[in-house]
Amino acid sequence: MRDIDLELDNLEDEMEQPLKSYLATSPRSEDTQKLIISLQDSFDDLKPSQIEFDFDTEPERPSLYKQCLNQFRSYHWAYWLISLLIFTMLTIISSGSIDSESMFPVVVPIYLLFSVLYSYKTWNREMRMVESITPFPPALLLLSKLLVVLTVNIGFSLVSTIFIVSGNPYTDPPLFLLHWFAPLLFLTGLLAFVMFHKGIIAGFVAALAGWAVTFLLLPLMLFEASGMATQQDLLFVSSHLLILSLGVMMLFLSYRKSLHLQYM
Amino acid sequence: MTDEELVIAMSRGNQAAFEAFVHRYHAPLLGYLERMLRDRKKAEDVVQDTFLKLINQLKSKKIPDKVKPWLYQVATNQCRDYWKSSGYKSEKQILDNIPDQPDHEPSVVELFERQEARKEFLEKLDTLSSTQREIVYLRFYQELKYQEISETLELPLGTVKSNLFHALKKLKVSLERKEEVSHARHRS
Numbered sequence: 002m003r004d005i006d007l008e009l010d011n012l013e014d015e016m017e018q019p020l021k022s023y024l025a026t027s028p029r030s031e032d033t034q035k036l037i038i039s040l041q042d043s044f045d046d047l048k049p050s051q052i053e054f055d056f057d058t059e060p061e062r063p064s065l066y067k068q069c070l071n072q073f074r075s076y077h078w079a080y081w082l083i084s085l086l087i088f089t090m091l092t093i094i095s096s097g098s099i100d101s102e103s104m105f106p107v108v109v110p111i112y113l114l115f116s117v118l119y120s121y122k123t124w125n126r127e128m129r130m131v132e133s134i135t136p137f138p139p140a141l142l143l144l145s146k147l148l149v150v151l152t153v154n155i156g157f158s159l160v161s162t163i164f165i166v167s168g169n170p171y172t173d174p175p176l177f178l179l180h181w182f183a184p185l186l187f188l189t190g191l192l193a194f195v196m197f198h199k200g201i202i203a204g205f206v207a208a209l210a211g212w213a214v215t216f217l218l219l220p221l222m223l224f225e226a227s228g229m230a231t232q233q234d235l236l237f238v239s240s241h242l243l244i245l246s247l248g249v250m251m252l253f254l255s256y257r258k259s260l261h262l263q264y265m
Numbered sequence: 003m004t005d006e007e008l009v010i011a012m013s014r015g016n017q018a019a020f021e022a023f024v025h026r027y028h029a030p031l032l033g034y035l036e037r038m039l040r041d042r043k044k045a046e047d048v049v050q051d052t053f054l055k056l057i058n059q060l061k062s063k064k065i066p067d068k069v070k071p072w073l074y075q076v077a078t079n080q081c082r083d084y085w086k087s088s089g090y091k092s093e094k095q096i097l098d099n100i101p102d103q104p105d106h107e108p109s110v111v112e113l114f115e116r117q118e119a120r121k122e123f124l125e126k127l128d129t130l131s132s133t134q135r136e137i138v139y140l141r142f143y144q145e146l147k148y149q150e151i152s153e154t155l156e157l158p159l160g161t162v163k164s165n166l167f168h169a170l171k172k173l174k175v176s177l178e179r180k181e182e183v184s185h186a187r188h189r190s
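Chains as they are written, first to last, in this note's numbering: chain Y, 2 to 265; chain B, 3 to 190.
Just so you know, the hints here were simulated from the structure itself, not pulled from any lab data.
Hints are not guaranteed to be accurate.
To be verified - Only pairs whose alpha carbons sit at most 20 Å apart, straight line, appear in this in silico EDC-like list of lysine to aspartate or glutamate:
hint : chain 1 : residue 1 : chain 2 : residue 2
1    : B       : 172       : Y       : 13
2    : Y       : 21        : B       : 47
3    : B       : 163       : Y       : 4
4    : Y       : 21        : B       : 83
5    : B       : 55        : Y       : 15
6    : Y       : 35        : B       : 83
7    : B       : 61        : Y       : 15
8    : B       : 147       : Y       : 45
9    : B       : 174       : Y       : 46
10   : Y       : 35        : B       : 125
11   : B       : 171       : Y       : 46
12   : B       : 64        : Y       : 15
13   : B       : 43        : B       : 7
14   : B       : 126       : Y       : 17
15   : B       : 163       : Y       : 8
16   : B       : 172       : Y       : 46
Said to hold, decoys possible - Going by beta-carbon spacing under 7 Å, a handful of chain Y positions derived as facing chain B:
hint : residue
17   : 9
18   : 16
19   : 19
20   : 27
21   : 34
22   : 48
23   : 49
24   : 78
25   : 79
26   : 80
27   : 82
28   : 152
29   : 206
30   : 210
31   : 243
32   : 245
Computed from a predicted structure; not experimentally measured.
Each residue gets a CB set at the ideal place from its N, CA and C atoms; glycine is no exception.
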């Protein structure tokens with residue numbers, strides 16, 4: 002049976018090109034409009050009578066949870082597979098490294114930005130047309146995509162952390178956790194916040210700049226400011242707690258803004 | 003939003019869902035029917051009837067479980083009804099009796115070649131049985147999965163696969179034969 006399936010797959014590949022040459026005309030948008038008008042009378046019968054007041058048909062209040070769930074379902078299996086492969090690779094590399102804290106926290110936020118870019122296709126006009134029928138503001142949909150990506154990254158990173166920490170006695174679990182968790186939340190918050198105020202491109206530029214500040218400028222500043230090893234740890238924890246709080250605050254502000262923002 | 007979600011919203015009278023659904027399926031259905039019927043005007047009529055049947059289905063509170071196969075099933079059944087109708091038979095008889103028109107613009111070589119290639123391709127498709135043709139159209143032009151084709155045409159999955167396999171083999175052989183003939187012509 003498997004041989005026949007394989008042969009059928011090959012045949013389909015071979016015949017795809019000749020068959021694709023048989024084109025059919027595509028309707029213009031005016032044709033679709035005409036079709037809608039011709040169907041309208043019949044469709045109007047489905048609409049609830051104006052005399053009856055059905056309070057159940059009140060538009061639903063925007064719900065971030067429901068949107069996140071919907072967006073979560075819309076991700077292609079390829080995305081999950083690639084994410085799994087990347088985190089497996091990162092875990093293997095970081096588990097074997099003495100300086101495991103250098104690689105993992107740097108790559109995780111960058112992967113988040115790429116994951117957000119991957120979902121860019123769902124911001125196109127066609128998707129917006131379909132999604133515009135939902136009672137949710139488009140910006141809330143966008144924020145829900147960001148939160149889905151963030152949750153997925155946190156999930157994968159947590160599993161990786163367990164493996165890395167258990168296999169490396171030199172790694173301090175709470176510090177390691179804070180090292181990737183705080184920048185991840187900070188960059189997501191920064192991306193959402195700038196995006197909702199200044200647009201998509203500005204959001205990505207700010208997030209990349211934020212990444213550079215977090216991993217290049219911040220370590221340098223901590224090194225300059227600290228004299229003793231104990232002080233170094235304290236400064237590291239307090240600076241990371243600060244960017245973590247900033248990230249959470251910016252995410253919350255973005256959520257509030259997204260409830261009212263109709264266009265971006 | 004999935005097809006099913008849109009249709010549920012339509013059944014509650016949601017205008018935006020109705021328009022989004024028509025936008026989503028107008029082009030694919032028209033393409034399928036145009037290939038099946040080889041008549042754009044008739045295809046447009048059948049597309050409209052298909053959407054009307056869906057609306058009527060929703061009026062009677064029967065929401066299809068799987069909307070896509072349901073739509074293609076309705077469209078396919080309408081084509082079959084049309085082919086069986088006396089109107090189609092008499093139209094076909096008239097068309098068959100009209101002699102082929104000579105090309106009045108032989109200088110438009112490209113157009114002519116395109117028409118010839120299309121004609122040849124249609125001839126090849128005509129060698130398939132109607133079921134095989136339906137399966138090829140649904141698989142290649144509508145990109146339906148095997149399971150969806152099986153639900154659309156109400157055929158077992160194995161039958162869908164074997165029909166598609168034989169149809170493609172047949173098309174491949176006739177394509178290869180055509181290439182051999184054209185090579186032979188070039189040589190001579």
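* Hint validity - residue 78 of chain Y Cβ closer than 7 Å to any chain B Cβ -> 14 Å, violated
* Go through the hint on residue 49 of chain Y and say holds or violated, using the shortest Cβ distance to chain B against 7 Å. => 6 Å, holds
* Asked: Under the criterion that the straight-line Cα-Cα distance not exceed 20 Å, is the pair residue 126 of chain B, residue 17 of chain Y satisfied?
  -> 15 Å, holds
* Asked: Within a Cα-Cα threshold of 20 Å, do residue 21 of chain Y and residue 83 of chain B meet the stated pairing?
  -> 27 Å, violated
* Double-check residue 48 of chain Y for me: the hint is only fine if its C-beta lies closer than 7 Å to a C-beta in chain B. => Check passed: Cβ of residue 48 of chain Y comes within 3 Å of chain B, closer than 7 Å.
* Hint status (Cβ of residue 210 of chain Y to nearest Cβ of chain B, threshold 7 Å) -> 36 Å, violated
* Within a Cα-Cα threshold of 20 Å, do residue 147 of chain B and residue 45 of chain Y meet the stated pairing? -> 33 Å, violated
* Quick one, is the residue 82 of chain Y hint okay against chain B at 7 Å, beta carbons? -> 20 Å, violated
* Asked: residue 174 of chain B and residue 46 of chain Y: Cα distance at most 20 Å?
  -> Roughly 50 Å between the alpha carbons, so the hint for residue 174 of chain B and residue 46 of chain Y is violated.
* Restraint check for residue 61 of chain B with residue 15 of chain Y, where alpha carbons must lie at most 20 Å apart -> Violated - the C-alpha atoms of residue 15 of chain Y and residue 61 of chain B are around 45 Å apart, more than 20 Å.
* Answer holds if the nearest beta-carbon of chain B is closer than 7 Å to that of residue 79 of chain Y; otherwise answer violated. => 17 Å, violated
* Hint consistency between residue 172 of chain B and residue 46 of chain Y [alpha-carbon to alpha-carbon, up to 20 Å] -> 48 Å, violated
Of the numbered hints given earlier, the model fails hints 2, 4, 5, 6, 7, 8, 9, 10, 11, 12, 13, 16, 21, 24, 25, 26, 27, 28, 29, 30, 31, 32; all others are met.
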